[in-house]
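Student: Here is what each chain is made of, one letter per residue.
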Amino acid sequence: MPLFRGHYRLEKHSIGLALGIIAVSSIGGIMEIAPLFTIDETVQSDPDMRVYTPLELAGRHIYMREGCYACHSQMVRTLRDEVERYGPYSLAVESQYDHPMLWGSKRTGPDLARVGGKYSDAWQTLHLYNPRDLVPESIMPAYRWLLRTPLDMSDLPGHLTAMRRVGVPYDDEMIANAASDAHAQATPDPESAAELHARYGEATNVRAFDGLPDVVTEMDAMVAYLQILGRLTELPYETPVAEELEEPEVVERSDAESGAAVRRVAERDAPGQATTELVR
Amino acid sequence: MVATLTLSERRTAQWVLLALGAVGLLIALAARGDPMAFHGVLMLLFAAALAWPLFQARNAPEPPEERLERYYDDPIKVGIVLSLVWGVIGMAVGVWIAFLMAYPDMTLDAAWASFGRLRPVHTSGVIFGFGGNALIATSFHVVQRTGRNRLADQFTPWFVLLGFNLFCLVAATGYLLGITQSKEYAEPEWYADLLLVVVWVTYLVLYLRTLARRREPHIYVANWYYLAFILVVAVLHVINNLAVPVSLSGAKSYSAFSGVQDAMTQWWYGHNAVAFFLTAGFLGMLYYYLPKCAGRPIYSYRMSIISFWGITFLYMWAGSHHLHYTALPQWVQSLGVGFSVMLLVPSWGSAANALLTLNGAWHKVRTQATLRFMMVAAVFYGLSTFEGSFMAIRPVNSLSHYTDWTVGHVHSGALGWVALITFGSFYSLVPWIWKRERMYSPRLVEVHFWLALSGIVTYLVSLWNAGITQGVMWRTYTDSGTLAYSFLDTVIAMEPYYVARGVGGLLFLTGACIALYNVLMTIREAKLEGASEADAEESSAAPPDRPASASTPPIGGAPAGAALRARAD
Chain C
1 MPLFRGHYRL
11 EKHSIGLALG
21 IIAVSSIGGI
31 MEIAPLFTID
41 ETVQSDPDMR
51 VYTPLELAGR
61 HIYMREGCYA
71 CHSQMVRTLR
81 DEVERYGPYS
91 LAVESQYDHP
101 MLWGSKRTGP
111 DLARVGGKYS
121 DAWQTLHLYN
131 PRDLVPESIM
141 PAYRWLLRTP
151 LDMSDLPGHL
161 TAMRRVGVPY
171 DDEMIANAAS
181 DAHAQATPDP
191 ESAAELHARY
201 GEATNVRAFD
211 GLPDVVTEMD
221 AMVAYLQILG
231 RLTELPYETP
241 VAEELEEPEV
251 VERSDAESGA
261 AVRRVAERDA
271 PGQATTELVR
Chain G
1 MVATLTLSER
11 RTAQWVLLAL
21 GAVGLLIALA
31 ARGDPMAFHG
41 VLMLLFAAAL
51 AWPLFQARNA
61 PEPPEERLER
71 YYDDPIKVGI
81 VLSLVWGVIG
91 MAVGVWIAFL
101 MAYPDMTLDA
111 AWASFGRLRP
121 VHTSGVIFGF
131 GGNALIATSF
141 HVVQRTGRNR
151 LADQFTPWFV
161 LLGFNLFCLV
171 AATGYLLGIT
181 QSKEYAEPEW
191 YADLLLVVVW
201 VTYLVLYLRT
211 LARRREPHIY
221 VANWYYLAFI
231 LVVAVLHVIN
241 NLAVPVSLSG
251 AKSYSAFSGV
261 QDAMTQWWYG
271 HNAVAFFLTA
281 GFLGMLYYYL
291 PKCAGRPIYS
301 YRMSIISFWG
311 ITFLYMWAGS
321 HHLHYTALPQ
331 WVQSLGVGFS
341 VMLLVPSWGS
351 AANALLTLNG
361 AWHKVRTQAT
371 LRFMMVAAVF
381 YGLSTFEGSF
391 MAIRPVNSLS
401 HYTDWTVGHV
411 HSGALGWVAL
421 ITFGSFYSLV
431 PWIWKRERMY
441 SPRLVEVHFW
451 LALSGIVTYL
461 VSLWNAGITQ
471 GVMWRTYTDS
481 GTLAYSFLDT
491 VIAMEPYYVA
501 RGVGGLLFLT
511 GACIALYNVL
521 MTIREAKLEG
531 ASEADAEESS
541 AAPPDRPASA
551 STPPIGGAPA
561 GAALRARAD
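Chains C and G are the protein sequences, given in the same order.
Sequential numbering of the first sequence, starting at 1, is according to the numbering used here.
Sequential numbering of the second sequence, starting at 1, is according to the numbering used here.
Hint data in this document are derived by calculation from the structure and do not stem from the laboratory.
Where a beta carbon is used, it is the ideal one built from N, C-alpha and C, also for glycine.
Careful, some of the hints might be misleading.
Across the chosen pairs, the derived CB separations fall in these ranges [said to hold, decoys possible]:
| no. | chain 1 | residue 1 | chain 2 | residue 2 | range |
| --- | --- | --- | --- | --- | --- |
| 1 | G | G33 | C | A194 | 29 to 35 Å |
| 2 | G | A110 | C | D214 | 24 to 30 Å |
| 3 | C | R231 | G | L242 | 28 to 34 Å |
| 4 | G | G33 | C | D189 | 50 to 56 Å |
| 5 | C | G6 | G | L25 | 52 to 58 Å |
Which residues of chain C face chain G? A few of them, derived with a C-beta cut under 8 Å, are [as the list claims (entries may be wrong)]:
| no. | residue |
| --- | --- |
| 6 | L17 |
| 7 | R107 |
| 8 | P110 |
| 9 | L126 |
| 10 | H159 |
Excised from the complex, chain G in its bound form (with noise of 0.2 Å):
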């Protein structure tokens, strides 16, 4: 793969990696004695690791100049590999810790293996590491095949690429060591909000880079959620990680806000990186691969205009609903439920959107498992908005929050709609991409479906009646008036309940591992049969000439904008 890059793209690699190997000797050298300076070695060892390759490459020649004339998918195979791997990591350690909260004594007597240190391990492994890798790739394929041009350079979407999974490192290590700033999905201390700056402000200007290119006029609706997604996540993740580190030598810092500020501040991000991250994205996700995999256009141009800015106006309003009944002033309060409440209109346009763009293609949903995959992450994307706007109601939230059911709410969305929209785009993207038929084994594929599904359904009946019963438990009276349950007759109700949710989360962690297995043993397949064929199969999806597998994409092949003007017109 590096062979690929031109002479000139190796050589700015190369003083990255070098600028790279020397940040991270300074910190190991200036943090000595913090737990800080095992990031220092972590990042010299990256550069090490990256810089191997690149050496072995030194004598490769300069690329043929017709590799302008292809997509640029090299970086888009390594994070579908990456983000299945952060997937499965992420996903045992939930599984785990769902074990622990029922049993537990069931874990070492070490700092690093407590439950509130692997927490964020779970969070970060399965957001960032599978949902964050699972985005950059498709956003990178989605970007090329809609505006029929290659990516802006070579360079930069291994930057991105390899930079943002550094990142996820330093995070998911430093929470073992005990690094953290405590806000929630915004962990990680302020270096590696640095480092995650500079990846990301680097992933904007690439992408717009590439629009810039594109061959379409007009830019199709994923490219409008991927570009809200890179753009507000940047945004919000700036303004919360505001802090002031004890020193530069070391990990610690002190949050810019406090108190009341700082929680509007917090949840405000919290709320919408699951707008943007969560949702916007894997909207974007969404709206390229359902139609292509259905062989159907978009169901309605306006829908989708009105829903993606409805979703971006309307979803930044939402984040005080976390804080009813708080030291939040009331008005504020007021105002999340209101804006929670009419953001049921855009989610359920994109649902419906979705759904009835499916609408001459359900024979395939029921044949094939991707696409089924995708239309029930549709039917769990309106679910969960629906449940979410339902529990920003002030009464609703008085019971439901604090207690497993915002816990059930979130699996909702991170289960049945992200992780769902992700492998259902994945099950069309491998074969796409590593050019095959089908699948390494489409029985798998059906295997995963049911085991997903399965899972979901125990996980969500399991907490759904945790959460209704612990918050009914703390409100109950006696006749005599008083309060009829100890907190702790509410955590003995949990245990059953626990312990269903862990066998839930079991289910759809096999699911995921079946997927990783799915796709590697195509990988694999791929490589044996390129071996055997030669260079005739190295013709990429050029423009000009596109796969067989993918033939006549109702999107990527047709101008995106033509598409749905049709609709519109």
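Chain C on its own, in the form it takes in the complex (with noise of 0.2 Å):
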């Protein structure tokens, strides 16, 4: 066959058999990748989109960090029972500010892509604290530090111009308050809440997320982070929850607890309230 006649004379050149390696081997990424950054549909614009307040950043830093991505994906599938779990899949315009993005691949805990709003800062200050003197049966790890390393925050300008340099719109006013926004956000006062809220919005949120106003920690970061994931665009909650959805093999559970379970799962799912109650 004139095809191996053909590899047998190319076998003989080790440039040529380079070269033909290169060439087959692009072929997959080029076609899949390059259009993805020219076919305007691939993201959805939403001028609403807010970018990351610098605590926030630098939280989002901390979850990286302490490889949170590894056990929690930020990513609802268009089906139906993750809809319901989570909330609204997700959209690729809520990613748009991610360097990288944080999609994740396993979900050994749940899905955080909603999470924000979803607990209150005390819960998620004393659940990271440690996990399981809130959910006894938990098995994520804890993380004690957090709480006692305060947020380094004068390199905060150099991240946002970094993200800035790969495309995302922080202005020049934003760079140059960068450390003081970011310890405004965590220690509530008036007047530099007022400057944060000029700069990124009135729903910012201002507060001593990690219930320590003197001091500005890790915690404050992550928790601050943790309560803007989902939050900062509306469109996903605007987009019609449409029959679009792919519905998986939906597997029926008969059994006659299963008015239980349903309360279970009420506790199990947003257990925020109740322990948001508790801890006020």
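Using the hints, put the two chains back together into the complex; each one sits in its own frame.
Tutor: Put into structure tokens, the structure is as follows:
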């Protein structure tokens, strides 16, 4: 066969072989990745999509540093059970400013794409400090050091500058005030909060996230980040949860205790409310 | 070993170490207060540690010209040992964190000891430390034997091997310090990535230079795979790691891509790291050590060609199957499914080619654990590529994705295919290269085989159960149309499987420790004997007089192309 005869000649030339490998292997990537940058429909446009505040960005860095993404996804798939469990499915625009994205690949713990606002700050702080204090069966590691480590805010302007270089619309004012904005967000004070709100929007959370108003800890940053997840844009909540949803083979549980199961789900998947009241 | 370097090679080594030390010092000073400074110190110490043997050999004479008539095997020897050491470390960390998933409080209240920081130490430790060193060492061996020529020079192999291990060290210690860019299997930060680029380009150049000196007209199929591994990994690494550092004196950087484009780039990388690091490179190993050990030529030359180009072309399209039902456009997901299913053809082509090669040598599979390692590796290669294509189909993926089934699938490939083919290759390579009749203890090879196999089966069965259970629980509805299980219910259901998985990993780790012991003892025996028999043994495996232990090898001995051609015509 001429194909094999041709190859018989090709394999005598190392450079020819190398060029062949490069050519053949690059087709797939070029065909699949390059269009994602040029086709406009790939990412919805949302003028109201806001950027991370410096404190949230620092929290995101801690989320990456501690490897949270290895056990938690941030991507609600277009499947009925996921939308019912977590909330509206994720849109591409929501991770538009995520360098890199943290969609994740494993759910040892639940998806976090819609976790913002689901639990109180106090719940998040206690839970990160020792998950088993709130959820005895949890297997999540305890992150106690977040509460005792002050947040390094000095290099935040550099972080915002780097983000701007890769295309995130931070303006000069945001960059110049990055460190003080981070401080302001975790230290409730009407004056500095007004500046922060002017720069990042009225909806920006300004609270002592970890319950310690005098010091900005890594816990502040982490909780501030978790509380904004799924809240950078309202678009997913406005998109009609359409019939387009893929229905998985639904497994019906036909035992008598289904009523009890519903109650259990309600308690366990939204313990936030209950605990919030306890903490407050 | 340093004395075998020529005077000019030793001078080059001096300058390179001096440069590395200077870079290390510069980083240590410039990055004060940033965890990156630790890596400056690490580089400085690494350079100093290597400068010591160089200094000791400062008065050694120029090595004799006859060296050019022999193969250059010193870096291979070091690479084998490094690979096994990294393997034991990486697997031990894996077993440890596996048990952390069942007993989360069994750890210190310290950031470095937490699951999230240890996990990449496990993945990088086994993929890059164990797998990478094994690939570098065996590629140096295969490229010399199949071309019947010596490595192009003596300095570059050391640069590649030790530079790569410096990268592994920087990566692993970085994770403990919290330095990561969070891209799975590409976690090291920008400066470690740059170091790897330098090492990798040198590796490519060395490989091509060595191929150019071959005495065989044809390049043997194992080398195609090694070449694809080196080339494509370079492309993947550079593109996926494009990033803007916050500052040149700090570790943190921001990826050039975001959101959906980043996800696609990451899984294009992630899936093809599997394809070209964990598949192509190890197929190179399979195509040399299996036929050589079995004493049979490769079954089909044409199947080799079809499989090789099939894998090279199709794999690159398959990455999007990691992103089913996500915000990635549907058309990319569909392409991912199509190509993932097609991939089964070249994958099974390779597996079948390997198994059919064993026809006429099955009695050896029964009696020699070494060959049995390779046979079972080929079987697991076939099984996990089938499983991979199956899991890439959308409805299957909707159940399996995000569960431990995926983890089980990865380990079916990593333990069953990658690790077993590596151990099999090492068990044949170690006696050849240290010029021994056999391993120190063939019995321990046998023990290792059964430990490894029982470990894999325990691991896979527990995670298949875990994954399918969890996937089904997530989507179970009650009669009244509400979700039946809270997320926590599914976590509680995982516990017995996590314990069983840890036990499986422990069995496999025990086998790896035995392998390291067996190899070290073989080396020790060779050293003791070498000392008593003086220099007579010195003559390494030169093309004219190959060592007796590798008597008339079918491929390394006979021209590789000819062996294949017999089948082709």
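Student: Of the numbered hints stated earlier in the document, which are not met by this structure?
Tutor: 4, 9
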